[in-house]
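**Q** Sequence:
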Amino acid sequence: MQYADPLGHAQSLGIGPAVWPLFGLVWPSSIQLARKLKNRPIRADESILELGCGLGLTSLVMHKRGAQIHASDCHPMVPHFLKLNQALNGLSDLPYVHAQWGEQSCPDLLASLGLKPARQRYDLIVGSDLLYEGNTPAQLAQLVDQRAKKQAEVWVVDPDRGHRNKFTQEMSRYGFELVRQVCLRDRPILMPEGKEVSYKGRCLQYQRS
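In terms of numbering that gives the first Met the number 0, the sequence shown opens at residue 0 and continues consecutively.
Calculated from the structure, these hints are not laboratory results.
Do not rely on the hints blindly, as some may be mistaken.
No farther apart than 30 angstroms at their CA atoms in a straight line, the calculated lysine-lysine pairs in the DSS-like style are these [as the list claims (entries may be wrong)]: (1) K37 - K149; (2) K63 - K199; (3) K148 - K63; (4) K82 - K35; (5) K148 - K37; (6) K148 - K194; (7) K35 - K194; (8) K194 - K115; (9) K37 - K115; (10) K82 - K165; (11) K165 - K149; (12) K82 - K37; (13) K63 - K37; (14) K82 - K148; (15) K199 - K35; (16) K63 - K35; (17) K165 - K199; (18) K63 - K165; (19) K199 - K115; (20) K82 - K63; (21) K37 - K194; (22) K194 - K149; (23) K35 - K115; (24) K199 - K37.
Quick list of the computed label-pair ranges, beta carbon to beta carbon [claimed, not checked]: (25) E176 - C105: 13 to 21 angstroms; (26) G101 - R179: 25 to 33 angstroms; (27) E192 - L108: 29 to 37 angstroms.
Beta carbons are placed, not taken as given, at the ideal position from N, Cα and C, and that holds for glycine.
Using the sequences and the accompanying hints, generate a full structural model.
**A** As structure tokens, then:
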């Protein structure tokens, strides 16, 4: 995707030219997360937050199943594409909130862009391919703690980027225990363009009780 930020909104939200191309793609890890959650029972009283939703694949799958899920990201174009993808799938009314780890955006800027920051706490927090920088584990764990209920579950699909153990250590600081790791190496991915690719990664499942 070509970088286009004439008003500087993306830059103000921490999205510069270097990371702009990361948006606008269906990443293999998001397909894996959607697969895993598709088989997870839906509870009517369970609130769910997807962090770093991108094009919203997982949120759309869960929304279609009737889950009480909020999609979230920090990219300014996500709400636009989320509406388009809902329409393409015959869906509507998928709640979206702004959520980011690390340096926070100015509340006035978010308000001017019509972005509602995430404020509530959730029973289940999910995300895919989030641990892509060395400082992410501490920042992401802090955000998870801020948005998770006292008793909560967290699912993260990670394509073995090398920060998994550090994230588990950071999560333990907030009372989260790694209760399950599911190896996803034996599950090839069928990409939107019809190409089947191999996948190497894990689904990390944490609980706090």
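**Q** Which earlier hints can't be squared with this structure?
**A** Per hint list: 6, 8, 10, 18, 19, 22 and 25 violated.
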